[in-house]
Amino acid sequence: GAVVSQHPSWVICKSGTSVKIECRSLDFQATTMFWYRQFPKQSLMLMATSNEGSKATYEQGVEKDKFLINHASLTLSTLTVTSAHPEDSSFYICSARLAGAYEQYFGPGTRLTVT
Amino acid sequence: DAKTTQPNSMESNEEEPVHLPCNHSTISGTDYIHWYRQLPSQGPEYVIHGLTSNVNNRMASLAIAEDRKSSTLILHRATLRDAAVYYCILRDSGGYQKVTFGTGTKLQVIP
Chain W
1 GAVVSQHPSW VICKSGTSVK IECRSLDFQA TTMFWYRQFP KQSLMLMATS
51 NEGSKATYEQ GVEKDKFLIN HASLTLSTLT VTSAHPEDSS FYICSARLAG
101 AYEQYFGPGT RLTVT
Chain G
116 DAKTTQPNSM ESNEEEPVHL PCNHSTISGT DYIHWYRQLP SQGPEYVIHG
166 LTSNVNNRMA SLAIAEDRKS STLILHRATL RDAAVYYCIL RDSGGYQKVT
216 FGTGTKLQVI P
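Just so you know, the sequences run in chain order W and G.
The first sequence begins at 1 in this note's numbering and counts up one residue at a time.
The second sequence begins at 116 in this note's numbering and counts up one residue at a time.
Careful, some of the hints might be misleading.
[Claimed, not checked] For the chain W half of the interface with chain G, some residues (derived, Cβ under 8 Å), not all of them:
#1 PHE34
#2 PRO40
#3 LEU44
#4 THR49
#5 THR80
#6 ALA99
#7 GLY100
#8 GLU103
#9 GLN104
#10 PHE106
If you are wondering where the hints come from, they were derived from the structure by calculation, not from laboratory data.
Computed from a predicted model, the values in this text were never measured in an experiment.
We put the CB at the ideal spot given by N, CA and C, even for glycine.
Given the sequences, and given the hints that come with them, work out the whole structure.
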């Protein structure tokens, strides 16, 4: 149980375009989802915390207008990278927390390459 | 969140035990000690967590010092599939319980 999926697993887009990444909790309801970004050979950096039905809370230094997060249901959160640039190329990982539970379960990640 | 300190890298021979250390001298009374690992090009995977007592599960054991200022993740028999970056993380019991990652220890398993 407690499986989190991400779609797509990888995506290549052109500079200036927007790309949407989906994060789904497959077998549980996630009241809270988290989005991370990881550059090569670096650790994961938390971008934002998303609660179902409310606005996401962004970490300091993360542009909320550039990284749009929507958590419309208890099983789906989306991250949209708007007007993507090559420096946005990274590994994006989501995680989900079961309502009332302590643990976070991570998705497999999405590799974004902006050309 | 309180900070943790881990060695950047460690090596182990296959089928031998591995002890991965973590220092967390500023840990507070309500902080849980969590370990996650990340295999190459994958999302992190939960390994184990504890508060005060040593913990065992099917993946590993967690030994927590009596003063809680350090802990050790123990893999009883390292396999090649255990080669990953291991993160020791402190999480308090309140708020959104977000997981903040440090630099972790890259474990290399030698056949």
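The hints, checked one at a time:
no.	hint	verdict
1	PHE34	holds, 6 Å
2	PRO40	violated, 10 Å
3	LEU44	holds, 4 Å
4	THR49	holds, 5 Å
5	THR80	violated, 20 Å
6	ALA99	violated, 12 Å
7	GLY100	violated, 11 Å
8	GLU103	holds, 6 Å
9	GLN104	holds, 5 Å
10	PHE106	holds, 4 Å
Hint violations for this structure: numbers 2, 5, 6, 7, all remaining hints satisfied.
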